[in-house]
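S.K.: Could you build the full structure based on these sequences and the hints that come with them?
Listed here are the chains, written in short residue letters.
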Amino acid sequence: MSFLQVQGLAKRYGDAAIFDRVDFAIEQGEFVCVIGHSGCGKTTILNILAGLDVASAGVVVMDGREVCGPSLERGVVFQGHALMPWLSVMSNVAFGVRSRWPQWNRLQVQLHCQKYIDMVGLTGAEHKKPAQLSGGMKQRVGIARAFAIQPKMLLLDEPFGALDALTRGNIQDELVRICAATRQTVFMITHDVDEALLLADRILLMSTGPGARIAETVGNPLSKPRMRQEIHHDPRYYKVRNHLVDFLVNRSKTYQLEEYRHEARRRRRV
Amino acid sequence: MRQQLLAGVISVLLLGLAIGVWHLATLPKSGAATVDSEYAKLVGAQAAAGSKSAFPTPVDLGRKLLDHLREPFYDRGPNDKGIGVQLAYSIARVLLGFGLAALVAIPVGFLIGMSPLLYRALDPFIQVLKPISPLAWMPLALFTLKDSNVSAVFVIFVCSIWPMLINTVFGVASVRRDWLNVARTLEVSPVRKALAVILPAAAPTIMTGMRISIGIAWLVIVAAEMLVGGTGIGYFVWNEWNNLSIANILSGILAIGLIGMALDLLFSRLQKAVTYAE
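Keeping their order, the protein sequence lines are chains A and B. With our numbering applied, the first sequence has no gaps in its numbers, which climb one by one up to 270 at the end. With our numbering applied, the second sequence has no gaps in its numbers, which climb one by one up to 548 at the end.
Derived by calculation from the structure, the hints in this document are not laboratory data. Do not rely on the hints blindly, as some may be mistaken.
[Unchecked claim] 35 Å max Cα-Cα, derived DSBU-like pairs, lysine-lysine:
1. K128/A to K542/B
2. K463/B to K115/A
3. K129/A to K416/B
4. K152/A to K463/B
M.R.: The structure is reproduced here in structure tokens:
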């Protein structure tokens with residue numbers, strides 16, 4: 001049995017299904033990315049995994065237990081960083097740490113937070129307020145906050161979507177390094193094919209809704225450690241990249257149609 | 271910086287202009303006028319004869335203000351108290367009524383803001399009660415509370431509760447979903463969520479409500495004290511009208527303005543202290 005098991009997941013509003021019969025599994029220590037067009041329900045799936053949203057059908061089982069609400073075992077990095085603007089960087093990170101280890105004293109909390117602030121490269125900015133930080137730095141704080149509670153699984157909702165290319169590259173490198181060091185299990189949503197190829201061990205491709213599905217699962221053929229400066233020289237890189245882009249441009253829309261034809265053919269046979 | 275200086279200069283010029291016009295308007299007129307003898311007794315022989323304006327000149331007011339400043343806290347019986355004593359009574363009533371209103375409005379506003387059900391259930395009451403002039407409650411307060419002092423505090427309580435309540439409800443109800451989700455994923459207890467997430471997030475809005483409330487309370491206390499009498503700056507102004515001491519009325523009006531400004535300044539400081547940049 002896999003570490004995370006998602007079976008028959010669906011979200012419906014009335015008769016309209018955003019996504020339907022979504023099945024996938026994630027192994028411990030695996031980094032999985034989901035790619036798909038806007039509106040296919042990626043964020044809803046992530047929220048269900050986080051326990052913030054409730055599925056209309058299906059189950060999510062993590063580490064042998066059903067997910068039925070938010071938990072400190074799953075850290076979330078939100079799309080819009082969601083830092084509390086009235087707290088300093090240190091206090092934002094400490095906010096979660098105090099929940100995770102309520103018995104710790106002030107010094108223990110501070111030392112622990114400092115370790116994660118250093119890890120995301122924000123040493124020296126501990127006492128700044130989020131408004132004094134750049135977009136990239138804010139997202140680093142969000143990542144530090146999620147890692148600092150040492151969750152069994154990390155959920156990232158397009159964490160770099162709002163960043164410029166250079167900053168994004170830097171934080172991606174950090175994330176690669178941190179994940180390699182901590183063997184963190186990660187589920188991440190992205191729009192960026194290159195980002196997925198750099199970070200993910202496996203990439204889930206979602207078809208366009210309504211009634212979206214996981215249309216394909218693509219294993220990343222590029223071996224670890226993957227370096228941002230090198231992977232595009234790998235001969236396999238463009239083959240798999242083209243495959244992903246083709247999916248987004250063409251197959252994500254025709255997938256549904258193919259499915260229906262398939263179904264109809266099957267019925268005729270019976 | 272330059273603009274600030276220029277604005278200061280214009281302010282001083284405008285003040286000078288106003289005082290100048292006032293001075294010219296209250297210059298003694300030549301020639302005797304015949305006036306009613308009762309009126310002459312009230313305003314004094316000079317004013318009655320028309321050689322001196324019944325309305326005090328800027329200099330008269332200045333002298334009066336100096337008198338008040340020299341001895342603001344004297345107390346010579348129920349109808350002769352220093353302006354400082356009267357202001358202290360008014361401020362005490364306002365702070366008491368306002369404080370009680372805050373103790374009710376903020377926790378209740380929290381509950382209503384967190385529960386859409388409560389919001390819907392209580393909204394009609396709030397909408398009806400909010401536009402009632404606080405002074406309309408005065409007879410009812412006097413009848414049930416049987417004490418003019420307590421009634422004045424009650425009127426302040428009633429008038430300051432609505433802006434605080436409505437702003438607290440609004441502030442609590444519009445806390446960003448993201449922050450609440452962060453609290454949920456971190457398994458934060460409801461009490462800690464209320465104190466460490468919702469309260470600081472809503473604090474600027476709540477503080478705006480408090481600032482509006484204290485302003486209204488200070489407006490209302492003058493009228494309330496004119497009604498209940500006895501002590502307070504409102505009573506002072508009304509009493510000086512009965513004494514026909516226009517200079518004292520003007521002193522009272524000026525004091526009301528200055529204290530009102532000080533209260534507003536205090537709350538704008540507090541507001542700034544809890545405001546966060548996003």
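S.K.: Each of the hints needs a verdict: does it hold here or not?
M.R.: Evaluation of the provided hints:
Restraint check for K128/A and K542/B: the C-alpha separation of about 18 Å stays at or below 35 Å, so the hint holds. Using a Cα cut-off of 35 Å, the hinted pair K463/B and K115/A holds, with the two alpha carbons roughly 25 Å apart. With a C-alpha separation of about 53 Å, the suggested pairing of K129/A with K416/B is violated against the 35 Å cut-off. For the hint pairing K152/A with K463/B, the CA-to-CA distance comes to about 23 Å; that is within 35 Å, so the pair holds.
Checked against the numbered hints above, the structure violates only hint 3.
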